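Residue numbers (our numbering), protein chains in the order written: chain A, 1 to 206; chain B, 1 to 206; chain C, 1 to 206.
Calculated from the structure, these hints are not laboratory results.
Values in this document were obtained by computation on a predicted structure and should not be read as measured data.
The reader is advised that the hints may include incorrect statements.
One copy or any two copies: either way a pair holds, since identical chains are not told apart in the list.
In the DSS-like style, the derived pairs of lysine-lysine whose C-alpha atoms are separated by at most 30 Å in a straight line are [said to hold, decoys possible]: (1) Lys-198 x Lys-28; (2) Lys-84 x Lys-28; (3) Lys-89 x Lys-28; (4) Lys-27 x Lys-198; (5) Lys-27 x Lys-89.
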Amino acid sequence: MDRILFFLGLIGTISFAISGAVTGVNKKMDIFGVAVLGVITATGGGIIRDLVLGELPPAAFREPVHALTAIAVSIIVFLPAVRKRLDDKRMQGTLLLITDSLGLAIFTVSAIQTAMVSGTGYNLFLLVFIGTVSGVGGGVLRDVLAGDVPYIFTKHVYACASIAGALVCALLWNIAGGVISIIAGSTVIFTMRVLSAKYHWSLPHA
Amino acid sequence: MDRILFFLGLIGTISFAISGAVTGVNKKMDIFGVAVLGVITATGGGIIRDLVLGELPPAAFREPVHALTAIAVSIIVFLPAVRKRLDDKRMQGTLLLITDSLGLAIFTVSAIQTAMVSGTGYNLFLLVFIGTVSGVGGGVLRDVLAGDVPYIFTKHVYACASIAGALVCALLWNIAGGVISIIAGSTVIFTMRVLSAKYHWSLPHA
Amino acid sequence: MDRILFFLGLIGTISFAISGAVTGVNKKMDIFGVAVLGVITATGGGIIRDLVLGELPPAAFREPVHALTAIAVSIIVFLPAVRKRLDDKRMQGTLLLITDSLGLAIFTVSAIQTAMVSGTGYNLFLLVFIGTVSGVGGGVLRDVLAGDVPYIFTKHVYACASIAGALVCALLWNIAGGVISIIAGSTVIFTMRVLSAKYHWSLPHA
């Protein structure tokens with residue numbers, strides 16, 4: 001279980017670091033700005049999760065692997081050869097969709113797992129709320145710091161996918177155990193998020 | 001006392017949820033964006049209060065009533081029949097002024113009450129600071145996330161009203177008891193905020 | 001040691017309060033907006049540091065000296081006689097560079113000192129990360145709240161200076177003791193930041 005979670009967390013970190021770094025490149029930031037935005041996007045959700053649960057200092061501050069991975073990924077995104085390929089807008093759109101969806105899925109379920117082992121007791125609402133806040137947190141920080149209105153407010157069923165997957169994960173936890181709940185929850189989030197973008201599902205606008 | 005605080009908290013939640021949801025509708029967000037902005041505005045001040053006091057996880061994560069109320073209120077604001085009435089700019093202005101003032105007043109005094117029972121001891125400066133930060137926090141988050149410069153920086157005697165009411169509430173606490181302090185403090189804030197808007201009180205500009 | 005830190009902290013507070021208040025004046029805020037931006041810039045880094053380390057409530061909430069100093073400084077910046085002198089753009093640029101660099105240097109090393117005495121144990125990565133986050137935090141809050149893209153993302157070797165000084169400070173700590181580490185670390189940050197601005201050092205842009 002611990003190894004699965006570590007591996008998933010690393011995928012989430014890499015995914016969100018890519019989405020942050022690509023945003024930085026699009027905003028014409030220098031290499032440090034790109035790395036900073038990559039790190040904040042990749043670690044933001046986990047830091048929010050640990051602040052809310054009182055697990056201080058947050059894991060991102062105690063374990064270098066996440067921040068160092070995010071920095072390495074950001075530098076790779078910044079390499080001229082890689083950046084040139086990102087000029088193809090369709091490819092960039094697909095990359096951002098996949099990485100952002102993976103990050104959303106993984107950070108949502110990982111927050112539920114952290115809450116379950118932190119001794120706050122089983123509280124369905126707390127699990128879903130903390131899962132969603134941690135899942136969307138990194139992307140919200142990315143958008144606010146880059147000067148954009150957060151994606152969560154304008155497009156697709158973003159928060160909705162995170163809430164649905166968090167519900168699935170939290171409801172299954174006592175029945176099917178942690179591993180299956182985590183896989184089921186993250187699959188729901190990733191699938192809903194990608195399909196809603198691909199088929200332009202949309203919610204009523206004001 | 002507990003019942004009064006719960007009831008006041010609910011009014012504060014509803015007020016800030018309305019102000020967040022109306023902002024979202026004005027920004028042409030879809031129904032989820034509107035609900036998310038409503039929830040963040042309504043729970044933001046209380047989450048900041050609990051993070052600062054170390055009361056973790058914050059009440060907003062433990063007790064569903066606040067977030068669920070905020071979601072319900074946001075959906076009502078989003079209903080076409082309600083939205084149409086909000087097109088009347090004068091009515092919208094009055095609604096936003098009343099709800100934002102009520103939220104400011106209630107979250108300021110409720111943070112002082114939470115601090116008093118949390119065992120940090122009587123520290124006048126801490127009480128006023130935490131009252132003000134929690135009072136204005138929800139509105140600041142709303143404005144930053146909606147891409148606006150926070151209201152607190154540009155208009156009227158916003159922070160000033162919160163500080164004045166927090167001072168009244170904290171100074172009265174040991175003399176007159178919690179209930180009277182809470183009523184007096186929130187009345188000062190609401191009255192100052194509404195009167196300053198109505199009579200265009202203004203502070204020197206740069 | 002305690003006296004040195006208190007004195008340094010006060011210089012950091014005054015520096016960041018000036019940079020926040022000048023930003024507020026440039027944005028045509030009223031006197032309360034200017035004071036609020038001054039206080040948030042001056043206390044933001046320390047509040048982030050204490051939230052991350054779990055030292056709650058944060059020192060800024062317990063000890064009035066920082067916030068009251070920041071308010072006093074902001075009011076002085078707002079005085080017509082002072083403001084008029086700030087209209088000279090070259091003078092304003094120099095003032096902002098010096099104060100922002102001092103604040104960056106002092107809040108970076110002060111966070112390392114707080115972490116060292118907080119009992120989290122010696123963890124080089126944690127020390128550097130928390131130093132950098134606390135150092136840049138006040139300025140990031142200032143820029144986000146003022147509606148600007150944070151300085152850290154667009155200019156010079158800002159985060160780089162903070163990281164370099166934090167590394168120097170943390171590496172020296174067990175060898176040379178706290179006082180020398182703090183002086184060496186903050187000198188590195190201040191010098192790198194000022195020289196990079198003066199000689200237009202720049203990092204590769206996308």
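Going through the hints against the structure:
1. For the homomeric pair Lys-198 and Lys-28, the shortest alpha-carbon distances inside one copy (28 Å) and between copies (22 Å) are both at most 30 Å.
2. Taking the shortest Cα distances, Lys-84 and Lys-28 sit within 30 Å of each other inside one copy (13 Å), while across copies they are farther apart (35 Å).
3. For the identical chains of this complex, Lys-89 and Lys-28 are neighbours both inside a copy (16 Å) and across copies (26 Å), given an alpha-carbon limit of 30 Å.
4. Taking the shortest Cα distances, Lys-27 and Lys-198 sit within 30 Å of each other both inside one copy (25 Å) and across copies (24 Å).
5. In this homomeric assembly, Lys-27 and Lys-89 come within 30 Å of each other (Cα to Cα) both inside a single copy, at 14 Å, and across copies, at 27 Å.
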